[in-house]
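As given, the protein sequences belong to chains P and B, one line each in that order. First residue of the first sequence? That's 288 in the working numbering, and the numbers climb one at a time after it. First residue of the second sequence? That's 134 in the working numbering, and the numbers climb one at a time after it.
Think of the hints as simulated: they come from the structure by calculation, not from any bench. Cβ atoms here follow ideal geometry from the backbone N, Cα and C, with glycine treated the same way. Among the hints, erroneous ones may be present.
Now the in silico label distances, taken between C-beta atoms and shown as ranges [to be verified]:
#1 B/Gln-199 to P/Arg-418: 45 to 55 Å
#2 B/Lys-335 to P/Gly-419: 12 to 22 Å
#3 P/Phe-305 to B/Asp-305: 45 to 55 Å
Over the 12 Å line for every Cβ pair with chain B, so calculated as not near, a few chain P residues [what the hints assert, rightly or not]:
#4 Ala-437
#5 Pro-455
#6 Lys-504
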Amino acid sequence: MSKIKQKDLILYSALIIFGLFAPFIFSAYKVQLTYLCILIVLAMTWNLQGGEMGYNTFGNILFYGLGMYLCASVQVGMFFPLAEWTESGGEKTFVHTTAQYFQGMGVGLLVAAIVPTLVAGAIGYAILGLRGHYFAICTLGLGIAGGEIAGGIEIIGAGQGFTTPPFPAEIVDNEARGEFFYFLSFVLLIAAFVFVKYIYGSRFKLILNAIRDNEDKAEAMGIQTMKYKITGWMCSAICWVTCNLLYRDSFHISF
Amino acid sequence: MSNLVDLIARLLISALFLISAYNKIFSIDGTMSWMEGFGIPGMLLYPTIVLEIILPLFIIVGYKAQLSAGLLAIFCIATAFIFHISTTAQNARAAKILGVDTEKVYAATFGINAALCGIAGALIAITLTLHPYVGLPYTVRSFMIVIVAGLGNLPAVALSGMGLGVFEEFADYILGTEFRIGAVFLLLVFILVYRRFKLAKKREYLK
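Please model the entire structure based on the sequences and the hints provided.
So, in structure tokens, the structure goes:
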């Protein structure tokens, strides 16, 4: 961290201070500011894969969706029968207490962060052997297939989608909900930025660039390209996955 | 004087074909696999070489010169249609150097593509309901059909298109309508992954 220049330091502190006060200054735009943070994270991590590694993917949305459904399912399924919840109108029958809500969300977050990242690692070996257009179209197919299949599974709401648990009613302050999600996504943004910045300063980024510029030569130089490609893909996936939780909480999920 | 110019012209024109035949003889295997890459049987290489040697010799000697020249012209036109559009696809820059107007070839290919798509769209409009989002499934499906068949392999493309149609109906019947499109896209992923593993055995990759 000592390498950060003074000019950058001023910029970063200014941005952090702005970020901390933004929801209070522009209190009407809290939801938009939350999405701003999330979209920045998505763009940053897509760049890791598409820009630095040269593997253009349209399928990261698969991890996003997987995390979304997993987190919501865990949050509901821990306390109530999932199938009844997702029946039309079912969500009105059950109410989370404040403790249940945050407990469920914490566990859901953990599951949603781990499982899709493992999935990314598992399918990475098969998919990352493709190159160029083939990789792009394969991930696009994967993303669409994931959406279509999710739209067919009854227990997670099928075509009508999944209504996420409402924010606990005991917290009466209307502002609290928006602020809670804003700061969660802001912390995520900072964490993701530090993570990406750390990667950019490491050998790992140079290896990703080598793979982008000429994969065959990179391999000839002794880089185990597949290993690094999968790692890069998982790095990208984990950020996408953690993003979704914040996004889904203000929304009704549908495929 | 005009006889001399004639002779030089004959020699030069013939030399083009003779050099090409010479190159083919010394890389028979390479040329064969190159031809097979276009879907042309490699065995045709031998008659081609014979043609490229005998006809120019006839032209030089002056025996049936007009007939030989005519045959060579037909040969050139035929190969231009089979190989030149593909040449643009393989190496646009080299094709340009060799005198193919790559921009025109691109434009023509795109034009043919657009015309066929327009016809297909008109036919679809007769049978299906229309909405702005019909597009994406077709885009990915058409890509998928071509990938399964192999790029540039016309009969196989037609066959695999029909096969995909049958698969979709079966998926609809067996898995249920809600998984119909999902099954098609998963099949795309499986086919690409299958081909990737098959090629990986030879340390190659899809490109």
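Structure-based check of each hint:
1. B/Gln-199 to P/Arg-418: 45 to 55 Å: Holds, since B/Gln-199 and P/Arg-418 (Cβ atoms, about 51 Å apart) stay within the stated range.
2. B/Lys-335 to P/Gly-419: 12 to 22 Å: Cβ of B/Lys-335 to Cβ of P/Gly-419: about 18 Å, so the range 12 to 22 Å holds.
3. P/Phe-305 to B/Asp-305: 45 to 55 Å: Since the Cβ atoms of P/Phe-305 and B/Asp-305 sit about 53 Å apart, the hinted range of 45 to 55 Å holds.
4. Ala-437: At roughly 9 Å from the nearest Cβ of chain B, P/Ala-437 sits no farther out than 12 Å, so the non-interface label is violated.
5. Pro-455: P/Pro-455 is indeed farther than 12 Å from all Cβ atoms of chain B, at 34 Å.
6. Lys-504: Per Cβ check, P/Lys-504 is outside 12 Å of chain B; nearest 14 Å; holds.
Consistency with the previously given hints fails for number 4 only.
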